[in-house]
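With the sequences and hints as input, model every part of the structure.
Using the working numbering, the first residue of the sequence shown is number 1, and each one after it goes up by one.
Rather than coming from a laboratory, the hints here were simulated on the basis of the structure. Careful, some of the hints might be misleading.
Derived DSSO-like pairs: lysine-lysine, alpha-carbon spacing no greater than 30 angstroms straight-line [to be verified]:
1. Lys84 / Lys203
2. Lys119 / Lys84
3. Lys80 / Lys119
4. Lys80 / Lys203
Quantities reported herein were computed from a predicted structural model and do not represent experimental measurements.
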Amino acid sequence: MSARRIEGPVIAFGQQPCGFFPRRFLVAKIRTARRLQADIGGRVVYFCHDSDHDPRETRTILRHRATGQPAHLNFAVVTKLQRKFAPLYVKRIAADWHARTLGQLANYVDHPAIDLFRKTSAETVADFCLEMYRGMGLLDGVDVVRSSDPEVRRRACDVDHFFVDVPYEGEIVRARARDGAPYLHEGGDSFVTLPAAAGGFRKEQISPTRDTRLRWMQSVIHCTHYVTGAGEQAYLRPEDAPEIAYVRREEIER
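Structure (structure tokens):
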């Protein structure tokens, strides 16, 4: 859904879909936002960065119930090009992934979590993660605003540095835009320049970079408070949205 400007506190946090069982830092942000809501009222908004494309974002880390050893699980998607460059809201889950992963879960989680996974179904990795979070009750009473939503993109402010969702080899990929041309970073010093759009880019194609994300997001959700993670604190520029009160998320026990 799209957030609308209303009176009263708006407590927001941002995060990519971060595993079909969420990483602890997302849970910590939700807990922090809810605790603040209990103190000051208002509503909580999860700004879901499902326009991001890095497949590592959805990696799920579970610990073996007997040995305690960590296992890194992730989605299998239908093509290598999708895996590397498609936005998370576009990456389509491979047909056999759900059954294969379900067969491994007894080593890591209890029966209620397995049952939730069993009954959860979605076409894309972002949708699957969000359905799991809803099934776990993490998003109860939380407004979810997705950066992939065309209406959100239309309402967002213009930014100088951004990505664009463009067609490439039969897929939709997330390309960095520079000087009017989209390009893909293959790794190292290798880049692939894609054909430039004759009429420029439509707002519905655009999502921000990490450094322009805060201002772009704030132009849509108009939050009064923002819960920051440890990584965000290193690169967020509060001067881009000085009207926000920034709140550190709770510490995670190691």
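Do the hints match the structure? See the list:
1. Lys84 / Lys203: The given pair, whose Cα atoms are some 23 angstroms apart, holds under the 30 angstroms limit.
2. Lys119 / Lys84: With a Cα-Cα distance of about 28 angstroms, the restraint between lysine 119 and lysine 84 holds, given a limit of 30 angstroms.
3. Lys80 / Lys119: holds, 27 angstroms
4. Lys80 / Lys203: With a Cα-Cα distance of about 27 angstroms, the restraint between lysine 80 and lysine 203 holds, given a limit of 30 angstroms.
Checked against the numbered hints listed earlier, the structure breaks none of them; every hint is satisfied.
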